[in-house]
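Work out the full structure, taking the sequences as your base and the hints as a guide.
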Amino acid sequence: MQAGSSKKIPGFLFSGMRKIKEYLIEKSLLLSAFITILTTIGIILVLTVEAVNFFSEVSLISFFTDTEWTPLFEQKHFGILPLLTGTLLTTFIAIFVALPIGLSIAIYLNEYAPKGFRKTIKPALELLAAIPTVVYGFFALMVVTPFLQQIYPDLAGFNALSAGIVMGIMIIPFISSLSEDALFAVPKSLREASYGMGSTRLQTAMLVTVPAASSGIVVSIILAISRAVGETMIVAIAAGQQPRLTFDPTVPIETITAYIVQVSLGDVQHGTLEYRTIFAAGITLFALTFLLNNISFFLRKKYRQKYE
Amino acid sequence: MNNRRKNRIADKAFQVWGIACTFIGLVLLVIFIGDILIDGLGRLSWDFITALPSRRPESAGIWTAMMGTAWVLVFTTIISFPLGVAAGIYLEEYAKKSHLANLLEINISNLAGVPSIIYGLLGLEIFVRVMNLGPSVLAGSLTLSLLILPIVIVATRESIKAVPGSIKEASFALGATKWQTIRNQVLPASFGGILTGVILALSRAIGETAPLIVIGALAYVPFAPKSPMDEFSVLPIQIFNWVSRPQQGFITNAAAAIIILLLITLVMNGIAVYFRNRWQKKMKW
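Chains as they are written, first to last, in this note's numbering: chain A, -18 to 289; chain B, 6 to 290.
Certain hints may be false.
As the list claims (entries may be wrong) - Selected chain A positions facing chain B (in silico; Cβ < 8 Å): (1) I102; (2) A111; (3) V232; (4) P233; (5) T238.
Claimed, not checked - One-sided and incomplete, this derived list gives chain B residues near chain A with beta-carbon spacing under 7 Å: (6) W68; (7) L126; (8) E130; (9) I263.
Just so you know, the hints here were simulated from the structure itself, not pulled from any lab data.
Every value quoted in this text rests on a predicted model; they were computed, and no experiment measured them.
Backbone N, C-alpha and C fix where the C-beta goes; we use that ideal spot for every residue, glycine too.
What follows is the structure in structure tokens.
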């Protein structure tokens, strides 16, 4: 290899050049990896700088205690609570739908289903998470809300209920896939011991495998919550644009993410207080998901090698 | 005896429930897509695809949005593919067990959990304002590239990890340097997997709406972009815009545009699966 070039260049020089080349390649690869660090720094910096500007004009106390959020009106109020309750409400509904279904799927696939079925159904379920969220928004507004209105005529055209339900359907695979992995990791011996005692499959699942895999299941739930909190298009389309402090799922509300979209669609000038509100909302959202992600990261690390 | 029968019945009942749960999501998906097809299929035509946006739903089309999506797709690929693969190679082959590697790893898994709309805020400040790119194709592509970088990196690492150590050792034994080994052995052997991951990541980028709205991509752009510095719209934003209008005609348009968007997503996922299967067949260690 490369005998030609080594003839013209003295041996020590050639190997030196090769070392330099290897060194440069390694450093440029490192530089690419470093972009991810820069991204994190960039996110934190951007959010903090604009949020600090925001909080120089609006006090932290009123931000967290004011019960109204009306930055775009004459009478301005900057209380994050209505957006926060909107976010929590849709998230709660989504988890309420996705958790029982997702966990049942995980148990069924792990304890009952034949192996081949499991292999084909898992990618099919993951298709649910591959569909663009704007499409889910359309479903929520055009299919689910009219359907629910037939059952409950007082339901508003925009509401947290349909948005939450559809979001729940979207995050089923997050819970089912990760929980199934956790159940699968439970050692065979535990399960066989349970069968040996005469337990049914359901008893084995409920009393042995699910408790044994509980940390992995909790991780899957936290990640699903984090995903639901940050979900934007479904709520922007189907849940409305009316920030209000309520846990009533039948009226229009607004989430943190939907508010950011609402402002971005209008023409709010850079540097104004209205412009900064989206960063104040953004840093709240970021803090929330950062916390959730790190709890799940911590749990995963702590319980990873329990059975090895 | 009675207790045992109760347990048996509960066991059977859960089996039925489990099957119902497994299929309910998919059944709903079929219902949704069926509804979309009924709403939108009649509206699909060559005219609909090639028409410019319009105030009147009957004459509005998706040409500018589709071209915007194509531009963004090309530039996001150009930016995220080399960066993500390079970072993945570094983490898997060079950065074993150092503090820096640990930090990078935690950071990447954290980035993967950041909501996409936050990337929009980052792009708005850094690319649109500080770098003064405006709400252009380039700013949008840079934003989406950062968004999918963690996915590309993880996919690259998984594929490289699957290459057996014996191949690398054989290459080193023949006198190859580390980079020669990676370039001539590791990358060719893992390329199918990397490609699959990149395509899946790009198909996610195609469906993203929120970060592009935040950086200022418009719902109404009169012409298709001609350069990376032009303003743009993309299919999901066009759909969002049409869904939020009251006229039935625009809802029908939205359904028709969704059919196109789902088709693109489906084709990309199909290509990814094809590459994965072909690569798995070829690479039997």
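*asked:* Name the hints, by number, that the structure is in violation of.
replied: Hints 3, 4, 6 not satisfied by this model.
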